[in-house]
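What follows is each chain in one-letter form.
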Amino acid sequence: MENSKNTSDNMKTSLLVGSLIFLITALAEIILGAIKIYTDSKELEEHWVNAIPFPPGIFPGLAVLLIGLIWLVGYFVTRKGQNANGYLSVGTVIALGFILLFILILLTDIFNAYALGLEDYEDWTILASLRWIIFLSPIPIFFIMKYREVIFTRKKKTIVLQS
Amino acid sequence: MTIKTKNIKDISDGSKISINIALIGNPNTGKSTLFNALTGLKQKIGNWPGVTVEKKEGKRSFNNFELSITDLPGTYSLSASSLDEQIARDFIVHDTPEIVVQIVDASNLERNLYLTSMIKELGARVIIALNMMDLLEKDGSSIDVQKLSKELHIPIIPMIANKKIGVDDLENAIEAVYQEDQKPMGIRYSKEVEETLSKIQNMLATIPSIPTNFKLRWLAIQILQNSTEIPTLLKRWNVKDTVIGELTSFGKEDYEAEIIDSKYEYISKVTSKVWKKGETKLTRSDLIDKVVTHKWLGIPIFLLIMWGSFQFVFAISVPFMELIDMLFGWLAGLLVDNIQIEWLGSLLGDGIVGGVGSVLIFVPPIFTMFFILSILEDSGYLARAAFVMDKLMVKFGLHGHSFIPMLLGFGCNVPAIMSTRALKDKKDRMITILINPFMSCGARMPVFILFAGLFFGASAGTVIFALYVLGIAVAILTAVLLRKTFFKGKSAPFIMELPTYHSPKLKAATIAMWDKGKMYLKKAGTIILIGVVFVWFLAAMPFGGVEYGGPDTWLAAVGTFFEPIFKPLGFDWRIVVALIVGFIAKELVIGSLGTIVGGGESEEGIKSAILADGGFYALNSLSLMVFTLLYVPCAAVVGVMKKETGSWRWTIFSIVYSTVIAWLFAFAVFQIGSLMGFGL
Ligand SMILES: Nc1nc2c(ncn2[C@@H]2O[C@H](COP(=O)(O)OP(=O)(O)OP(=O)(O)O)[C@@H](O)[C@H]2O)c(=O)[nH]1
Ligand SMILES: [Mg+2]
Chain A
417 MENSKNTSDN MKTSLLVGSL IFLITALAEI ILGAIKIYTD SKELEEHWVN
467 AIPFPPGIFP GLAVLLIGLI WLVGYFVTRK GQNANGYLSV GTVIALGFIL
517 LFILILLTDI FNAYALGLED YEDWTILASL RWIIFLSPIP IFFIMKYREV
567 IFTRKKKTIV LQS
Chain B
5 MTIKTKNIKD ISDGSKISIN IALIGNPNTG KSTLFNALTG LKQKIGNWPG
55 VTVEKKEGKR SFNNFELSIT DLPGTYSLSA SSLDEQIARD FIVHDTPEIV
105 VQIVDASNLE RNLYLTSMIK ELGARVIIAL NMMDLLEKDG SSIDVQKLSK
155 ELHIPIIPMI ANKKIGVDDL ENAIEAVYQE DQKPMGIRYS KEVEETLSKI
205 QNMLATIPSI PTNFKLRWLA IQILQNSTEI PTLLKRWNVK DTVIGELTSF
255 GKEDYEAEII DSKYEYISKV TSKVWKKGET KLTRSDLIDK VVTHKWLGIP
305 IFLLIMWGSF QFVFAISVPF MELIDMLFGW LAGLLVDNIQ IEWLGSLLGD
355 GIVGGVGSVL IFVPPIFTMF FILSILEDSG YLARAAFVMD KLMVKFGLHG
405 HSFIPMLLGF GCNVPAIMST RALKDKKDRM ITILINPFMS CGARMPVFIL
455 FAGLFFGASA GTVIFALYVL GIAVAILTAV LLRKTFFKGK SAPFIMELPT
505 YHSPKLKAAT IAMWDKGKMY LKKAGTIILI GVVFVWFLAA MPFGGVEYGG
555 PDTWLAAVGT FFEPIFKPLG FDWRIVVALI VGFIAKELVI GSLGTIVGGG
605 ESEEGIKSAI LADGGFYALN SLSLMVFTLL YVPCAAVVGV MKKETGSWRW
655 TIFSIVYSTV IAWLFAFAVF QIGSLMGFGL
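The listed protein sequences derive, respectively, from chains A and B.
Just so you know, we're using this note's numbering here: the first sequence kicks off at 417 and counts up by one.
Just so you know, we're using this note's numbering here: the second sequence kicks off at 5 and counts up by one.
Isolated chain A (complex conformation) (with noise of 0.2 Å):
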């Protein structure tokens, strides 16, 4: 798991151009989710943040944000020529994480809709239930794929004991 310099740069660029897009397209769901909210709460059905066929979220986008932000610290970390193997893995997890945890949801929403009928989902159609942070996957599983050492540790040596 030697870090040549090469690979090193690499990092720097994924985890440069990683955060980055996840902070823009953060701020973005954070600013519309709270339009939303604020709408929702007027009840204005007509106004154009409605049309968005993706609704926007603050709790999902501070997720997307909190992502990028451990990102952008890593990226920071390798400019002081530091190891940030522990911030790349972390935010990759955690976006991870969200992102299957988003789409169990949709699969539950499906789920009672379709199969159980609930009422509360009279109105709800699959779009609703799709996050933002569902589309932004490629990047982590890029991450994943090109830093597997990093992220995982090495397969485990099965130890034998002699007393």
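These are computed hints drawn from the structure, not numbers from a lab.
Just so you know, not all the hints are guaranteed correct.
Stated by the list, open to error - Below 30 Å or equal to it, Euclidean Cα-Cα: the simulated DSSO-like pairs (lysine-lysine) are: (1) Lys496(A) <-> Lys299(B); (2) Lys496(A) <-> Lys281(B); (3) Lys154(B) <-> Lys267(B); (4) Lys492(B) <-> Lys395(B); (5) Lys395(B) <-> Lys496(A); (6) Lys430(B) <-> Lys154(B); (7) Lys509(B) <-> Lys562(A); (8) Lys430(B) <-> Lys488(B); (9) Lys299(B) <-> Lys428(A); (10) Lys571(B) <-> Lys458(A); (11) Lys562(A) <-> Lys399(B); (12) Lys496(A) <-> Lys399(B).
Said to hold, decoys possible - Residues from chain A that face chain B, not an exhaustive set, calculated with beta carbons under 8 Å: (13) Ser430; (14) Ile446; (15) Ile447; (16) Gly449; (17) Leu485; (18) Tyr503; (19) Leu512; (20) Gly513; (21) Leu517; (22) Thr524; (23) Ile526; (24) Asn528; (25) Leu532; (26) Asp536.
None of the values given here were measured: they were computed from a predicted structure.
Cβ atoms here follow ideal geometry from the backbone N, Cα and C, with glycine treated the same way.
Position chain B with the ligands against the provided structure of chain A, taking the given hints into account.
Structure of chain B with the ligands alone, referenced to chain A:
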């Protein structure tokens, strides 16, 4: 039949030899894991120090031996400066186990051996279980086990307790050690100290009342070190005051320093002979810790993970809850409609099925929640969360080491309050106990899930998250308040050892989930059942003519009596009654509402019944949730609080304080919400 003899050869009639064994060791070294592997019991284990706070006994037999094994709280020394250390120390001195198995964390050899030196001083026969060999290996380090064993005169069994590797080898070692005496460790003190020690020993030897299980050399060393408990011990043995005075006059600070230094010196000499360190590089754990305990990122990451956890709990459990709710709704309707004796149908349908059923609906979210907590705990993350929050607490002038009890409170406040025994400082401990009830336990979840789910739709998870955060915030503010008023003083210095990360085991998490969740099920069959029958009874009385759960019942009389106090919070008499009954156990808040509103009325269960009722809406349910979060802990918590604080005054203070705080917060929520136009 059991015979206590020292020599195995004495026994030829085939009866079992019973041996008492103590498991001792530094915190978080795997004692309870080994205990479980040996006994097949399910003692709680967790990836942080201070999990076990009370001793626990289990059995194992092999060949002709019947082992009675005791798991003890973790301890760094035997000086007994905190309650759980004292439990460990007293066990060795008073219960005189034949063999002490010390669990040593192989990746932390030197510090662990310090404890070994003290155990040996007590005269115990010791076996070292050299645990966490996998972590040592991962680190690239190695220990020459045979050489270490020779140096210390102690048998050493390498082990990976959580994979049960090496556990069986312990049996042979026990059999061998049981049959022979052990040489003491080779710690040598200066001539002066040794001479004084033998002088004291000679004096002690003339006192016949000293029980034989106290090694005179150990007592002598304690006397030299000015140990504060020596006078007490000597008094207990009716030693004359003059003799006590003479003995204690031997104690000197210089001696104490020398004794400690000699031990450390000896140990580091031995360690350096047997231990080879792997090349130092930042481990994976270190790299991850840099991020999750980062000074700005740490707390947001913790909050985000909490938020995500509630989303997960909701997503997984909603479909199951719907199904269970429909089932009980159908069952209740069936009973009410088909049982000819009207009161019996109502008791079974409205009372028992409506009440207990409405509690059972929440089994899925509660189990899911416990599952996630176990996963987070076992991975080692929760200890980091505690670390980060503790750092924040220290900034407020509070003590570290208190957030773990608070995190445990997310499960149940009773064991959480007991876990504060690991805190050394008495004031720190009092504060930590008194703020614990604000941490939202599993029993409060049903109220949150029901009302957030009904009135906050897709934001339900976020609402619950906000309630938990509110609980933490009120706890911290209360701690600051207590520190500034009743418990002034500086807190003990803050060092925390972070456990190593490992990938959580699905099986372990499932077992932990079941263990914690079981309590909830058990309560549903006992205390909740009794509670709802009681509520049903009051809701049906006086007999004849009154509408069940209507305004003319006895229950309504109780509720309306208190209603004025709660009117400003938006509660009608039924909520008031539910909250009063909820003092017995917080599940009963939902249980009683289920009984009163009546699962039996509607074919579709408690959710629809509440929606159809009209007495519940978003704002008053929010204020109800806030009140439930903060108000008086349940009867069990009051009991354990009395026991652990040893004071009725503080227990009653806690009851009154939390109820007043709950009222104020719920009042603020309801009134501000009404002003903003969110009222009915
Ligand atoms: N990697 C590794 N982990 C282990 C081993 N043995 C136990 N553990 C883990 O270490 C953690 C602590 O285990 P416990 O058994 O609770 O430790 P304890 O000594 O009883 O701790 P206290 O009661 O808090 O003093 C748990 O997460 C175990 O799963 C081992 O051999 N290797
Ligand atoms: Mg333990």
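Going down the list of hints, with the structure as the test:
1. Under the criterion of a C-alpha separation no larger than 30 Å, the hint pairing lysine 496(A) with lysine 299(B) is consistent with the structure, at around 18 Å.
2. Proposed proximity of lysine 496(A) and lysine 281(B) is supported: the alpha carbons are some 28 Å apart, at most 30 Å.
3. For the proposed pair lysine 154(B) and lysine 267(B), the alpha carbon gap of about 17 Å is at most 30 Å, so the pair holds.
4. Annotation: proposed proximity of lysine 492(B) to lysine 395(B) holds, straight-line Cα distance about 19 Å (limit 30 Å).
5. For the suggested pair lysine 395(B) and lysine 496(A), the alpha carbons sit about 26 Å apart, so the restraint of at most 30 Å is met.
6. The hinted pair formed by lysine 430(B) and lysine 154(B) fails the criterion: a straight-line CA distance of about 42 Å is larger than 30 Å.
7. Taking the CA atoms of lysine 509(B) and lysine 562(A), the gap is near 27 Å; set against the 30 Å cutoff, the hint holds.
8. At roughly 16 Å between alpha-carbon atoms, lysine 430(B) and lysine 488(B) fall within 30 Å of each other, so this suggested pair holds.
9. The hinted pair formed by lysine 299(B) and lysine 428(A) meets the criterion: a straight-line CA distance of about 22 Å does not exceed 30 Å.
10. A distance of roughly 28 Å separates the Cα atoms of lysine 571(B) and lysine 458(A); the hinted pair therefore holds under the 30 Å criterion.
11. Distance hint between lysine 562(A) and lysine 399(B) is unfulfilled; the C-alpha atoms sit about 40 Å from each other, more than 30 Å.
12. With a C-alpha separation of about 28 Å, the suggested pairing of lysine 496(A) with lysine 399(B) holds against the 30 Å cut-off.
13. A cut of 8 Å between beta carbons decides the hint on serine 430(A): the least distance to chain B is about 16 Å, and the hint is violated.
14. At a threshold of 8 Å, the smallest CB-CB gap from isoleucine 446(A) to chain B is about 14 Å, leaving the interface hint violated.
15. Because the beta carbon of isoleucine 447(A) sits about 18 Å from the nearest beta carbon in chain B, more than 8 Å, this interface hint is broken.
16. The beta carbon of glycine 449(A) comes no nearer than 11 Å to any beta carbon in chain B, farther than 8 Å, and the hint placing it at the interface is violated.
17. Proximity of leucine 485(A) to chain B holds as hinted, the smallest CB-CB distance being about 7 Å (cut-off 8 Å).
18. A least Cβ separation of about 5 Å between tyrosine 503(A) and chain B falls short of the 8 Å threshold, and the interface hint therefore holds.
19. A distance limit of 8 Å between C-beta atoms decides the matter here; for leucine 512(A) the minimum to chain B is near 12 Å, and the interface restraint is violated.
20. At about 7 Å, the closest approach between the beta carbon of glycine 513(A) and any beta carbon in chain B falls short of 8 Å, and the interface hint on this residue holds.
21. Taking 8 Å as the C-beta cut-off, the interface hint given for leucine 517(A) holds, the closest approach to chain B being about 6 Å.
22. For threonine 524(A), the shortest C-beta to C-beta distance to chain B is roughly 5 Å, which falls under 8 Å, so the interface hint holds.
23. This hint is violated: isoleucine 526(A) has a C-beta 11 Å from the nearest C-beta of chain B, more than the 8 Å allowed.
24. With its C-beta approaching chain B no nearer than about 6 Å, asparagine 528(A) sits inside the 8 Å limit, and its interface hint holds.
25. Hint status for leucine 532(A) relative to chain B: holds, with the closest Cβ pair at about 6 Å, below 8 Å.
26. Given hint, aspartate 536(A) at the interface with chain B, holds; its Cβ is 6 Å from that chain's nearest Cβ, closer than 8 Å.
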